[in-house]
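Based on the hints, put chain B in the right spot on chain A.
Heads up: the sequence lines are chains A and B, in that order.
Residues 1318 to 1711 in this note's numbering are what the first sequence lists, from first letter to last.
Residues 1318 to 1711 in this note's numbering are what the second sequence lists, from first letter to last.
If you are wondering where the hints come from, they were derived from the structure by calculation, not from laboratory data.
Remember, predicted model here, so these are calculated numbers, not experimental data.
Hints should not be assumed to be uniformly reliable.
The list makes no distinction among identical chains, and a pair is therefore deemed to hold if it is satisfied within one copy or across any two copies.
To be verified - DSS-like, lysine-lysine: derived pairs with alpha carbons at most 25 Å apart: (1) 1344 with 1489; (2) 1526 with 1554; (3) 1345 with 1444; (4) 1344 with 1444; (5) 1404 with 1387; (6) 1544 with 1526; (7) 1489 with 1345; (8) 1447 with 1404; (9) 1554 with 1544; (10) 1374 with 1489; (11) 1679 with 1472; (12) 1489 with 1447; (13) 1344 with 1447.
Protein chains: 2
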Amino acid sequence: MDNFNFYSPTEFVFGRGTESSCGALVKKHGGTRVLVHYGSGSAVRSGLLGRVTDSLKAEGVEYFELGGVKPNPRDGLVRQGIALCRKENIDFILSVGGGSAIDSSKAIAAGACYDGDFWDFYCGKAKIQKALPVGTVLTIAAAGSEGSPDTVITKEDGMEKRGAGSDLLRPKFSVLDPELTFTLPAYQTACGATDIMAHVFERYFTTTKEVEITDRLCEAVLLTMIKETPRVIADPKNYDARANIMWAGMVAHNNICGVGRSQDWNSHGLEHELSGLYDVAHGAGLAVIMPAWMEFVVDTDVMRFAQMASRVWGVQMNFEDPKSTALKGIRAFRQFLHDIGMPINFAQLGAREEDIPLLVEKLGVGDGVRWGFRQLTAQDCADIYSLAANASLS
Amino acid sequence: MDNFNFYSPTEFVFGRGTESSCGALVKKHGGTRVLVHYGSGSAVRSGLLGRVTDSLKAEGVEYFELGGVKPNPRDGLVRQGIALCRKENIDFILSVGGGSAIDSSKAIAAGACYDGDFWDFYCGKAKIQKALPVGTVLTIAAAGSEGSPDTVITKEDGMEKRGAGSDLLRPKFSVLDPELTFTLPAYQTACGATDIMAHVFERYFTTTKEVEITDRLCEAVLLTMIKETPRVIADPKNYDARANIMWAGMVAHNNICGVGRSQDWNSHGLEHELSGLYDVAHGAGLAVIMPAWMEFVVDTDVMRFAQMASRVWGVQMNFEDPKSTALKGIRAFRQFLHDIGMPINFAQLGAREEDIPLLVEKLGVGDGVRWGFRQLTAQDCADIYSLAANASLS
Chain A
1318 MDNFNFYSPT EFVFGRGTES SCGALVKKHG GTRVLVHYGS GSAVRSGLLG
1368 RVTDSLKAEG VEYFELGGVK PNPRDGLVRQ GIALCRKENI DFILSVGGGS
1418 AIDSSKAIAA GACYDGDFWD FYCGKAKIQK ALPVGTVLTI AAAGSEGSPD
1468 TVITKEDGME KRGAGSDLLR PKFSVLDPEL TFTLPAYQTA CGATDIMAHV
1518 FERYFTTTKE VEITDRLCEA VLLTMIKETP RVIADPKNYD ARANIMWAGM
1568 VAHNNICGVG RSQDWNSHGL EHELSGLYDV AHGAGLAVIM PAWMEFVVDT
1618 DVMRFAQMAS RVWGVQMNFE DPKSTALKGI RAFRQFLHDI GMPINFAQLG
1668 AREEDIPLLV EKLGVGDGVR WGFRQLTAQD CADIYSLAAN ASLS
Chain B
1318 MDNFNFYSPT EFVFGRGTES SCGALVKKHG GTRVLVHYGS GSAVRSGLLG
1368 RVTDSLKAEG VEYFELGGVK PNPRDGLVRQ GIALCRKENI DFILSVGGGS
1418 AIDSSKAIAA GACYDGDFWD FYCGKAKIQK ALPVGTVLTI AAAGSEGSPD
1468 TVITKEDGME KRGAGSDLLR PKFSVLDPEL TFTLPAYQTA CGATDIMAHV
1518 FERYFTTTKE VEITDRLCEA VLLTMIKETP RVIADPKNYD ARANIMWAGM
1568 VAHNNICGVG RSQDWNSHGL EHELSGLYDV AHGAGLAVIM PAWMEFVVDT
1618 DVMRFAQMAS RVWGVQMNFE DPKSTALKGI RAFRQFLHDI GMPINFAQLG
1668 AREEDIPLLV EKLGVGDGVR WGFRQLTAQD CADIYSLAAN ASLS
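The shape of chain A in the complex, shown without the other chains:
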């Protein structure tokens, strides 16, 4: 096990009706002038936004609204938010929505405390030193952004999708009410589930030896997702299944499953180019990329893939041919993704094989390599895209 720091100070308030505690939570965490930042009109139409602002009013907290966050949130709206924070002396950002709204809020929180352009944090030119406090009311179980230090933003100019992170961006509080996810369509629910599982797999495939506790925690989240995802697809208002998924989404990404071990975020990196270029859902892109990445890297550590197959997918271990077990595990994963309604190849996703050179170019690997469980050259990345393009269930 490697040395590590683990710090997850967010106060999580979980369960039915908890959004009514927003006002009190903002006040407790020092907010007096709040930017309420949200996405589509669904938060307005469902009445959620009204309940949230009522709870702010009840506590006498002043607030300003900024809606319009899109999936794959854009830099333009972030800049609007930063300007609004400065103009109105905002001291707290309350995010209402899914990962996109939260990531956009985090970007505003960091940008509002920075003299330069906020994109400096995303292109690696500057490190986040200060940020406004952020609270969240989560409406989609997926990104794990409600408990994570991470944020991903897409630059409209060139549709470049990049991430940044800092413990300063960990939300002060996150309100998680599973009932808010009842109305989420099956496709988006499945995209979220795929993202949650990917967050675990990116930690599970490690080169660090002897990390039983985090291996087992990863498997715990995956087994939960395998049980609960088909249940919510079949029965969207199943509270307990929604609740298990919602909490699993937090556990998958606050890094309790990833400490003390090397991680591999190449599937996320390869996917970002897909959702950047085609503006498809991140989870759908992951469903296409991740099993292909697994197939490409399986020989790096066959026994680790066999462990996944056996412990997570219930594949009987073939002790004479562990690789056959490993491959059965990867096939089981792809079959699961198909069964919950996810695309499994480029055609189903709406991507084009002839764009692979462009995708690889945008990755920017050049003559170098992408670090990870297995280091990837530009040609390796092209090969993975190619496997993903042509994947099938057979």
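The following block gives chain B in isolation, referenced to the frame of chain A:
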């Protein structure tokens, strides 16, 4: 799943040599005048205390020392610590040791900010409203106190053992260096492992339905302990096995495994009377009590015990007779405890069957019941003690 709040704000610094960061961590968390509170001479002899105080000196932090914490920490030393904090205007308590040193530190932290007698918090007369910040350097993986809001103190007068808790007592930081546990004797190592597993079982046996994520997280910790405990007993300087156990001990008790579900702390309650009366190790008492409690309550939810047997102990499910599976799981647990060197009945623990009426009297159940997975009357408690007194491996 039940509604819940989860808040675990401790900064964990984990790995080899991390105790040298103590001074910087105290400073970061606002400490300027520190009480260094520790247990036996082993922290002095091993040089650990010197490394800790060197690191405080290097940061220019003033400190005062108070050693002498015993296992089952006593109220007398807590009162000394409170007096010292007041006299020296202490603003931070740094605990060096295992659960006893940390629990004693938490008691001092709360007591120093309270006008009445600190025992009021432990006998239910008062609620903790304020506490000095606490940091820890952990030397025994067991109590989970390094990440928990809990503290247990024994009153010398009558050897009454009682607990208190508050999120205010969650440590600001905890330094976990697995190498510090290399010199821990096999018996104490096994006691610690038993305590860790008990913290999980007290959460696992719930009456709340549909809590797959926390069930799986509980099982993750148990499976880790089953793998790693025999390894450290056989090879005390196995860094990775020590590391997995040390982190499992934190995960077992910061409540990430217990949120959203009813819990049952009757085994801990029944054990406290044993370690209070005989001054035996808490983990050893749990090894005697917990399997007996399981045997007594198994009919309350046979399928939950069968799930434990199957998922945790690898028992083949008997679908025609689930109770036989459940009982095999309990037997496997007791066998495991025996194999790691724990006592499994009163004689091996040094307790006496004829004291059972006294133990039950001290529990103070009277004509009421103890709340839990199954409610327990005074007679039920006597029956569990009796099962524990006469337990065997057959």
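Consistency of the hints with the structure:
Both within a single protomer and between protomers do residue 1344 and residue 1489 lie at most 25 Å apart by alpha-carbon distance, with minima of 11 Å and 22 Å respectively. For the homomeric pair residue 1526 and residue 1554, the shortest alpha-carbon distance between copies (17 Å) is at most 25 Å, but the shortest distance inside one copy (41 Å) is not. With identical chains, the CA atoms of residue 1345 and residue 1444 are at most 25 Å apart between copies only, with a shortest distance of 20 Å across copies and 28 Å within one. Within a single copy, residue 1344 and residue 1444 get their C-alpha atoms only as close as 28 Å, which misses the 25 Å cut-off; across copies the closest is 23 Å, which meets it.
Proximity of residue 1404 to residue 1387 under the C-alpha cut-off of 25 Å is restricted to the intra-copy arrangement: shortest distance 23 Å within a copy versus 58 Å between copies. With identical chains, the CA atoms of residue 1544 and residue 1526 are at most 25 Å apart between copies only, with a shortest distance of 15 Å across copies and 28 Å within one. In this assembly of identical chains, the alpha carbons of residue 1489 and residue 1345 lie at most 25 Å apart whether taken from the same copy (10 Å) or from different copies (19 Å). When the C-alpha separation of residue 1447 and residue 1404 is checked against a cutoff of 25 Å, the pair qualifies only within one copy, where the shortest distance is 18 Å, while the shortest distance between copies is 38 Å.
Proximity of residue 1554 and residue 1544 under a CA criterion of 25 Å is satisfied intra-copy only: 16 Å inside one chain copy versus 39 Å between copies. Taking the shortest alpha-carbon separations for residue 1374 and residue 1489, only the intra-copy value of 20 Å comes in at or below 25 Å, while the best inter-copy value is 33 Å. Taking the closest pair of Cα atoms, residue 1679 and residue 1472 come within 25 Å of each other only inside a single copy of the chain (13 Å); across copies the shortest separation is 67 Å, beyond that limit. Proximity of residue 1489 to residue 1447 under the C-alpha cut-off of 25 Å is found in both arrangements, the shortest distances being 14 Å within a copy and 20 Å between copies.
Taking identical chains as interchangeable, the C-alpha atoms of residue 1344 and residue 1447 lie at most 25 Å apart whether they share a chain (20 Å) or sit on different chains (19 Å).
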